[in-house]
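Engineer: Two chains, two frames, some hints: make the complex.
Below, each chain spelled out in residue letters.
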Amino acid sequence: MSASLETQQTIRSLSDEGYKYGFVTDIEADSAPPGLDEDTVRFISAKKGEPEWLLEWRLAAFRAWREMTEPEWAKVEFPPIDFQAASYYSAPRQQATPKSLDEIDPELLRTYEKLGIPLREREVLAGVAVDAVFDSVSVATTFKEQLGALGIIFCSFGEAVREHPELVKKYLGTVVPQNDNFYAALNSAVFSDGSFAYIPPGVRCPMELSTYFRINARNSGQFERTLLIADQGAYVSYLEGCTAPQRDENQLHAAVVELIAHEDAQIKYSTVQNWYPGDAEGKGGIYNFVTKRGACRGARAKISWTQVETGSAITWKYPSCILEGDDSVGEFYSVAITNNRQQADTGTKMIHIGRNTSSTIISKGISAGRGQNTYRGLVRVQPRAQGARNYTQCDSLLIGDRCGAHTVPYIEVRNPSAKVEHEATTSKISEDQLFYCRQRGLSDEDALSLIVNGFCKEVLKELPMEFAVEAQKLLAVSLEGSVG
Amino acid sequence: MLEIKNLHARLEDGREILKGVDLSVAEGEVHAIMGPNGSGKSTLAAVLAGRDGYEVTEGSVTYRGRDLFVMSADERAREGVFLAFQYPVEIPGVNNMYFLRAALNSQRRHRGEPELDAGQDLLQRAVNVGFSGGEKKRNEIFQMAVLEPRLAILDETDSGLDIDALRVVARGVNGLRAPDRAIVMITHYKRLLDYVEPDRVHVLQDGHIVQSGDKELAAELERIGYATFGDPGGDTAGDAAA
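Chains A and B, in that order, give the protein sequences.
Just so it is clear: in the first sequence, position 187 is 187 by the numbering used here, and no numbers are missing.
Just so it is clear: in the second sequence, position 110 is 594 by the numbering used here, and no numbers are missing.
Careful, some of the hints might be misleading.
Straight-line Cα separation of at most 16 Å, EDC-like style, residue types lysine to aspartate or glutamate; simulated pairs [claimed, not checked]:
(1) A:LYS428 to B:GLU574
(2) B:LYS620 to A:ASP432
(3) A:LYS170 to A:ASP37
(4) B:LYS503 to B:GLU559
(5) A:LYS114 to A:GLU480
(6) B:LYS674 to B:GLU632
Hints were generated in silico from the structure; no laboratory data involved.
If we strip away everything but chain B, and leave its shape as in the complex, we get (with noise of 0.2 Å):
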């Protein structure tokens, strides 16, 4: 499904954040990537949306064998890609749903579907407007379900949650995986993996990958820390075990 090669890009001011990542992840399986705050987490997912201020400058992105970056933003996410916000956006005046629907039309078109009549109105609130971080980030989840997007990348989604917030938002997402369906999330912390069990879990350091390997890698990086994985200074890691 994604298919990331030596992927280097960096920011319009020259400063590269992404070193060459190679990350490979199928359908059907959640992955998780974390890392320390500048190692290029945010970077990677807002590179793979498609979003204006980032310079690819090597390296490849396959998106169920097409080149991910020949297409714009809102083609890619027409495609089946979805970017649950770190920092979700309020839109004033634009009512939640009325902005789903829309968005949900416009993929539906591109598929050569029906589109969507006005159905029951849920959320008469304005986009996020007067939400809190937890209803935000839910709301994430809930526009996730009504895109059912192909690949789904959730920046940090965990963060900001109480417990009883990560509860749902956890089994929002479990409720998502589906055998066509990939899923990576961009956390800090090992919790939201306690809820959302990974298949694989990627360590991100200094822009790029430096270790991957199944749940227990998360567990093992609680116990150590970043501060032991690779190396600052950005050589490619390999000795894990420690």
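Chain A extracted, bound-state conformation (with noise of 0.2 Å):
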């Protein structure tokens, strides 16, 4: 018998009305059995407890799921996935948790060690119970009321859809509609949680908001589904993941993040990735397929993307801005580090549509061992995009002859009175850097960090503060070995 059937049997045992209206919520199964169809979603949407234009909009994003292909045109190679093999929900996991640091695996602590995390940190990011070590509850607590009073919603989008019903109506999809790709489908049709966050107009959020702070952010790796909005005049600066290397079972991570700015808005959004990346031949690492885009949507408004790509063996991933406001800004600022088998097809989308929008593009890329690394990018100005200006610089840099390194802009201009302006550079690891560096006194790691962090500067200064040492070194830690 079919897994799927199965399901369908066991829940029509429990409930009157077959699957109606989703079902009932005292199913006591903790995960959903593998396969992937109608009852897989419902199922999904009864466990959360979602209102019925919720479980609609998933089983829509499903139906047109299952009308369409894979995408193949990236330049990324993988061994077909088999989307009815995994499983799409399981419950939190109440598996013991180390007790402490000393049940840790040692060569993951060194990581932390050599990240600079704080001790405190470390803990909690290796699954050490977070009441050890925090007093999470007066923690989060604290962090609430103060962003409660200045009407700053942050939770969880689980939370959002109970709390704020209206607002994620409101917003949801209409960045990232449910059919846009093969792999946003599937993130709205079974999304697992995220995180939400509305900021007021004319609020500005005091304090850098992170998943880290959402201390059961852990568990829902796999099909994130985020939803930020700034109203007009608001300011916000969002923190994604973090420098430890994560692992997850589930190797497919297809997560969906839709920023709306209002007028004279402005949404700072950081992402520092490095999810497991695999073995050294690349086996068993994280496929990280993901939909960013943000919409300006009023005038003056300003979406601005920084990400430090250093793990995952597969990073595919567009995080795009919709300059329709006049005046409106777009800025996207990358490193992504591919070493051993990794591979990563990353780049932006600026689309200008309203007038004078500007974007500002830069994008540094390193490949080392046998990476390769493919920089896609977009510029479109739409015919009534008076005024627009973008500026692109993509920089490359190789460490050793096996890894690649490569550009594909896309560059289309509707509008005569465009200024676009492209810069590439593709630039080795010069020996005579490297001994210039050791002359002085410094280590062959010093000496590559040294070079690499100066490669990458533009984009590091664009990340918080906090996180910018942090990325330094993980920079470093990701190439380790990659030189001699």
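Structural biologist: Encoded structure:
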């Protein structure tokens, strides 16, 4: 009997209604059996106690997904994914957590050390029960009080659906519709959880919003759904991910992030991604297939994406900006490292629609080992986008002679007043540079770190300060052993 | 301070460049090594500094009583060996003062001395990026002043400099003479030696030192030219005079 059929029968036996409005919520199963069909979607939605409109939204996504084929145009290679082989829902793990760092893999601890992660954070990251580390209740409470006083909403996506459904309903899918692309459709059907933030008009969020502070976030990596809204004149800086290496038994990560910036609002979205990249042969690593898009809806809105991608076996993402509002601004700063057998096909799309819009793209790709690193960018100026300006700089750094760096820029300009600049450089870390540093007393590692950080400087300085230091160290750690 | 005995070294492709170099440099002394193109001057500097791409096939180098060749390039640097490069390389994005401070602190850590904090940043530009030839050479001497090496090897520091730049560099080098420091200047021309008076002058030809003398030797070399000294075939000379 097929897995989904079994599920159906189990469910039917527990409820009278069959599955008209989703399943009865007292389903005991902790995880859905492998496979993906409409029942799986209903199961997930019921497990989360979602309202009817959201279930319908998911189902529309699932039906669209079923008709789509996987895209194959990226410069990444991987064995075919069997979408029916994975389980699309599992309850937050109740497994035994380590009591202290003594129970943690020393290799992992060494990495935390190298990254300069504060001791207490290491414990949390390693999975030691949060209560044992922080007085988690009071941390979360203080935090929420501060934000609440300003009218800022920052919570899990699930909580937002429950507490602020009108906001979710208003904005969900307005930047990345369900049928946008294969992986976004999949995400829209089965997304687990994610972050939600709303900044009211004129409010400047006083602190970095970080997934780290959503203490339960660690369990929802696979199909994250994030929605951030900055109302008129608001400002928020959001930080996703962390430098510490993260493992997940689920290989495919297909997240969707939607940002909406209204008139005079600004959203700064930073990502540091260090998902498990697989072994030296690339086996077992995470596939990070992400759709991220921001819409500058109002005049003078600004959205900046900053990313440091060092992990994952495959990174496939194009954080983009839709510049609808007049005088709106889009920015994309990226450092992507591919070492060993990692592959990355990443870049951005800047769509100029309003008048006098401008965009800046600074992409730094570092390839080492047998890594393959591709920058793929689109700058599109629509016919009515008067006075559009774009500056693109993509630089590649090659370490060793078995890696690859590729650049695929698309420039589509349909308004003659546009000014679009594109610069690209490709260079190798030279023996001369390394020797120069070593002759001044710097070790091999320090020399490489210095040169790589110099190369990535323009991007790293866009990161929130607390993170910049960790990110620098992360670059060095990611490139260990790549020279010599 | 530095004892080079019968040093033979070759390139990766097998070509032997140093064919038995002998040299002895004591603390507080300034030596000059002169020689024609291809004599092995830069190779000598590279081998002493520990650059990859060269193989020592025979001989030894003792630095402050230690075998130089058991130390890696950066270890040698932390022990006080400094090479002023003939062609200093650019390092984009790396602030000059940051680089220097990192180097200095690396050496101080090694010596067990306290590290320096972020002080005034005189040079905010990236290392050698956009510097003229003369500026790069001055930057080398500046770095030397900050790092205070025990053994400074100046590889053709005077090449590419006009008279004024030469005077500035020379002033810098002279200012760094010290009783516990040895300076070895590698050069083609006598010019630099007019400003930085050497205690000893050695002529390197075809991979070994064919003659040594005092600063008069440099003047003589200028008058007669390299061809007269020693035999291109590589026999040890001895008969100088002429």
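Engineer: For each hint, tell me whether it holds in the structure or not.
Structural biologist: Now the hints, each set against the structure:
1. A:LYS428 to B:GLU574: 13 Å, holds
2. B:LYS620 to A:ASP432: 15 Å, holds
3. A:LYS170 to A:ASP37: The given pair, whose Cα atoms are some 27 Å apart, is violated under the 16 Å limit.
4. B:LYS503 to B:GLU559: 26 Å, violated
5. A:LYS114 to A:GLU480: The hint holds at about 11 Å.
6. B:LYS674 to B:GLU632: 26 Å, violated
Consistency with the previously given hints fails for numbers 3, 4, 6, ordered from lowest to highest.
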